[in-house]
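Protein chains in written order, with numbering that gives the first Met the number 0: chain A, 0 to 278; chain B, 0 to 360.
In case anyone wonders, no lab produced these hints; they're calculated from the structure.
Careful, some of the hints might be misleading.
[To be verified] Okay, the calculated bits of chain B under chain A, using three or more residues with CB under 8 angstroms as the criterion:
1) 139–149
2) 184–197
[To be verified] Quick partial rundown of chain B residues pointing at chain A, CB under 10 angstroms, derived from the structure:
3) Ala200
4) Arg202
5) Asn214
6) Leu215
7) Ala216
8) His217
9) Leu221
10) Ile225
11) Gly267
12) Thr331
Every residue gets a Cβ at the ideal spot worked out from N, C-alpha and C, and that includes glycine.
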Amino acid sequence: MSNVLKVENVTMQFGGVVAVDNLNLEVNKGEIVSLIGPNGAGKTTAFNVITGVYAPTNGAVYFNENKIIENHPQGKMKKLYRGENNGKYHTSLAPTPDKITKLGIARTFQNIRLFKSQTVFENILIAKHCRRTSNLFTATFHLNGKEEAQMREETEKLLKILELENVKDELATSLPYGKQRRLEIARALATEPSLLLLDEPAAGMNPQETDELTAFIGRIRDEFGLTIFMIEHHMDLVMEISDRIYVLDFGKMIASGVPEEIQNNPRVIEAYLGGAADE
Amino acid sequence: MTKKKETIINVSLIVALLAVLYVMEHTLPSTAMIFTVLKKGAIYALVAVSMNLLNGFTGLFSLGQAGFMLLGAYTYGILTIPVEQREFVYMYYDGGIIHFSVPVVVALVAAGAVAAFFAYLIGLPVLRLKSDYLAIATLGFAEIIRAVFQWDKLGPVTNGSNLLKSYPTFRSVIFPFVVSGICIAIIVMLINSTYGRAFKAIRDDEVAAEAMGINLAHHKRLAFVISSFFAGISGALLAMYQTTIQASMFKSAMTYEILLIVVIGGIGSITGSCISSFLFIILSEWLLRFLDSEMYIGDFKVPLLRAGFRKVVFSIIIMVIVLFFRKGIMGTKEFSVRGIYNFFKKRAQRKNAVQGGDSNE
Ligand SMILES: Nc1ncnc2c1ncn2[C@@H]1O[C@H](COP(=O)(O)OP(=O)(O)OP(=O)(O)O)[C@@H](O)[C@H]1O
Ligand SMILES: [Mg+2]
Numbered sequence: 000m001s002n003v004l005k006v007e008n009v010t011m012q013f014g015g016v017v018a019v020d021n022l023n024l025e026v027n028k029g030e031i032v033s034l035i036g037p038n039g040a041g042k043t044t045a046f047n048v049i050t051g052v053y054a055p056t057n058g059a060v061y062f063n064e065n066k067i068i069e070n071h072p073q074g075k076m077k078k079l080y081r082g083e084n085n086g087k088y089h090t091s092l093a094p095t096p097d098k099i100t101k102l103g104i105a106r107t108f109q110n111i112r113l114f115k116s117q118t119v120f121e122n123i124l125i126a127k128h129c130r131r132t133s134n135l136f137t138a139t140f141h142l143n144g145k146e147e148a149q150m151r152e153e154t155e156k157l158l159k160i161l162e163l164e165n166v167k168d169e170l171a172t173s174l175p176y177g178k179q180r181r182l183e184i185a186r187a188l189a190t191e192p193s194l195l196l197l198d199e200p201a202a203g204m205n206p207q208e209t210d211e212l213t214a215f216i217g218r219i220r221d222e223f224g225l226t227i228f229m230i231e232h233h234m235d236l237v238m239e240i241s242d243r244i245y246v247l248d249f250g251k252m253i254a255s256g257v258p259e260e261i262q263n264n265p266r267v268i269e270a271y272l273g274g275a276a277d278e
Numbered sequence: 000m001t002k003k004k005e006t007i008i009n010v011s012l013i014v015a016l017l018a019v020l021y022v023m024e025h026t027l028p029s030t031a032m033i034f035t036v037l038k039k040g041a042i043y044a045l046v047a048v049s050m051n052l053l054n055g056f057t058g059l060f061s062l063g064q065a066g067f068m069l070l071g072a073y074t075y076g077i078l079t080i081p082v083e084q085r086e087f088v089y090m091y092y093d094g095g096i097i098h099f100s101v102p103v104v105v106a107l108v109a110a111g112a113v114a115a116f117f118a119y120l121i122g123l124p125v126l127r128l129k130s131d132y133l134a135i136a137t138l139g140f141a142e143i144i145r146a147v148f149q150w151d152k153l154g155p156v157t158n159g160s161n162l163l164k165s166y167p168t169f170r171s172v173i174f175p176f177v178v179s180g181i182c183i184a185i186i187v188m189l190i191n192s193t194y195g196r197a198f199k200a201i202r203d204d205e206v207a208a209e210a211m212g213i214n215l216a217h218h219k220r221l222a223f224v225i226s227s228f229f230a231g232i233s234g235a236l237l238a239m240y241q242t243t244i245q246a247s248m249f250k251s252a253m254t255y256e257i258l259l260i261v262v263i264g265g266i267g268s269i270t271g272s273c274i275s276s277f278l279f280i281i282l283s284e285w286l287l288r289f290l291d292s293e294m295y296i297g298d299f300k301v302p303l304l305r306a307g308f309r310k311v312v313f314s315i316i317i318m319v320i321v322l323f324f325r326k327g328i329m330g331t332k333e334f335s336v337r338g339i340y341n342f343f344k345k346r347a348q349r350k351n352a353v354q355g356g357d358s359n360e
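Just chain B, with the same shape it has in the complex (with noise of 0.2 angstroms):
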């Protein structure tokens, strides 16, 4: 298979796909639940594969994503507030200290930016620390922002512990999948260049890696400040989906959740990153609600069905893959085009060796 050809055939499957979101879109009623599942899908697709270029794909263990994330909802709902919205939303401090409001694309951007920034300057003490201590560390970054972002002294930017509600959010499916998509494209193509190689080679050996003239310092720097940059691209896009902001959202139990999304897919797979996006949000927003609610068949009260059981059930799954499919549904091998063109090449080749062989006796 030529490689123009694989372009083709993936150029036409995005718009195969972007075509059925459409006619979905127009066909079925806005509240189903398989739209909840696609938005919320595709955000978390994005987080869990810049979470996965550090963890899977350098080889640091940063659990700072929800800190970053918060950091892009709210540069983005601060950006955003219609100016003549600011006075209702920012009502208990006369209307907030910003009286401008930039396009949805710039502060997507911006919330992206902000994050990196932020990376940049945990990164320069914190990145010099052994693994393990970068995991406590940027955990308890997250924590710390995420009270400061609800002190009342900064009200006037943050609106303190009250909601920031009454920015523009995206109504269609297509809009967190076209955004989404792009970033990880970048991604992928950052992983596949030389940088790609060196964050790989850092992961795989960092003596190693050193030796053959990688900066380690920079090179960490970088993946982290990156990985921040699309956590935060993330967290605003989460935002709009959510059309309101509160700090209290963005806890650490997030960031486990996007963990257990990188883990389940397979550390140091994209692909897997973003199956298993999807994965954890249909079992959790859909397939086991029923387990929340009490149920009745006639008479007969089903045991255990209550409100917290779906948590409980959740964990268990979670705990089977990890304890039997340690690599994840991926490992670290990526699903495309060319891969299963690979794979039914290979088989009809056996297959004619098979028949050769037979025709030969």
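With the rest of the complex left out, here is chain A (with noise of 0.2 angstroms):
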């Protein structure tokens, strides 16, 4: 099975705060894998890294086996490294995330992040804008009408996939809480991805939507031949539809393994429990 995703050593360290240390995994095609963890063990922060929002402190991503991403500690970094393999990346490799996302990489937001003054319809078409092959003058021009036809009508296609039709002139904002979720997602799916990354796509979602959106991963996955990744804190979610998990604690990966090894490990329970008796 050949690896759509592999994070290789990686380390993000804002100032002295190491929020992902020493990263090591991997996503094979098709897969669903879910990134667990308590709040703050740097879930999110991995996303970020992956999709080039920020440049890790050290180590490397690769996407279908090409190096995208490669970091070393620099600058100040050099001093106040905290991490591990320090010495072992020597080039500097920081796409902008628009350029992660070209290359077949889309993702979703914990916080919702909607184009808000546009309606449902708008913010899929927006998404679509990467894939153009007009240029400045003949759009503007309007010369590009095949294109423009296409984007819309694969636009109304998600709609009716995703089941949004019916909402599609109301503005994105307006939607009831899950449906926002979902335009996300289809949101994502317009940029044509292979690779999906979900933010905790069920946060907030009542047990009848995160059941319901429980399938509509399955279903996603399987119709656009996605390889998917994602962060979830509902363990009846990731259980029922994670092929594998991993298990994220102050950073590091604590444990690893199909769901029936991770709900037996007593370092996962742990870390979940010790979180549990904090808050």
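Dock the two chains into a complex; use the hints.
Here is the structure:
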């Protein structure tokens, strides 16, 4: 099996805080893999590194076996660096998030980030921009009619698949929470990814909505031939649909394996109970 | 309403507008105040829309408009002064160093291109900054460029602190309407294209836009350069309207005026910017004029009326608008034939529904 995503010795340090500590993981083609861990474990930070929001302090990321990101401690970080594998990496490769998206990695956000003043339809249509072949001139003078029509058609198709057609002309922010989350997924799919990163897709959903989402994630994986990597706190959802699970605590990976292994892993139980006891 | 019908209506409206302007010009005395309002209003509409493209549609707060207008105005003047006139215009600089002139249309495009080129250069470092710094940096640029153009060493090109004059101007009000109209139409088409959607995405949420594959640096620069291009053209039009060019005309106060027009019209509304440009010019050039001259009713001297009082009243009106109509006249809505059609259709439907309800009882 070929891996779609490989994170290698990634450390992300903010000032003195090591948010992600020497993370290593792989996601294989067609899998649904979950990343779990208590609050503040560094899950979102790991996503931000993979999608180019932050350049890692040290380490590398591979996509379809090509190195897309690499970095090593530089400047002030040389002295401050508290992670491992210092000196192993030498080049600095830090593409911006839009480049990563064009490669075929799309994401959603933990705190929903829709385009507020735009309708549901427009939110998805905007995401088609990155696959355009028109340039400023042909687009402005509407010489790209064919492409424009195709963009709209594909948007309609996504709306249908995601069951959002009946609200397509409504403002994105006027939708109920569950639908906003679904719209974020639709928007990510519009960029035509092969790897989809979901940051807590079930956050704020009631049990029924969560069940629907579980089925839905499986469905889009099959329908779009996706590989899915997601962060999630709802354990029912995670255990039901994950092929494999990674567990982070204080930036470090403390366990990995299939759902049964994770469920019975004493370190995981401790990390979660410890976290729960703190709250 | 079909698209074809809509286009026909829009085209006929434009033709009708031009016809009205034509008739007015041939019936009213050419000194009538209405012509000043129309000419200046059309020019301000263009620069306001260009500013709106940046501030309203891309969410980049820039205050360089007067600077780009200056570049456009000078480019136009320098390129179009007839060769035989140069000796008189550049009398302190031995007739200047440029000994050719180009047609008006070429000079207008060049005016935009020069402004756009400077915007590109400034944009490279400045667009990386946070929005508030962008405002300061562009304002600073406008001030610097104004000083540079008055610099004696550049006199052979810019005529230093002396006037540029004798270049071709327009007499008919139709000229600025057509040029502004074409430019605004292009901006509207841009906004309705996939690029315009990307600009709006950046305005709404930069992080999300970038995650959707929109290259922030590239698109911000595009918006900045295009906005400046049209500001440059409007500067050239203003130069034609004023018939002389002097760098000191393009003060930052001019940028604030344009900003006010954009705010009053609605940040993110093209038609709002157009409507408020004309309102602004009507108020400042026409209706409030009387405030500046002393007036007697019988023997009674009306208090407060004196030179400069207009500005005070004007500021108060603007303050009221900004305080109580924060979204401006139009908000982010647009005024369109389709919009009016839909409005009346909905009303008719509601009426029908009510009547239908009655008959059921
Ligand atoms: N830009 C940043 N600057 C400084 N510290 C940061 C930054 N981003 C994240 N951190 C820190 O990194 C740690 C991990 O945060 P992160 O958001 O990745 O956690 P998480 O696992 O996603 O938690 P949650 O379940 O609450 O979403 C936190 O201590 C956080 O304060
Ligand atoms: Mg998180």
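Each hint, compared with the structure:
no. : hint    : in the structure
1   : 139–149 : violated (count 0)
2   : 184–197 : holds (count 8)
3   : Ala200  : holds, 5 angstroms
4   : Arg202  : holds, 8 angstroms
5   : Asn214  : holds, 5 angstroms
6   : Leu215  : holds, 7 angstroms
7   : Ala216  : holds, 8 angstroms
8   : His217  : holds, 9 angstroms
9   : Leu221  : holds, 7 angstroms
10  : Ile225  : holds, 8 angstroms
11  : Gly267  : holds, 8 angstroms
12  : Thr331  : holds, 7 angstroms
Hint check: a violation occurs at hint 1 only; the rest are consistent with the structure.
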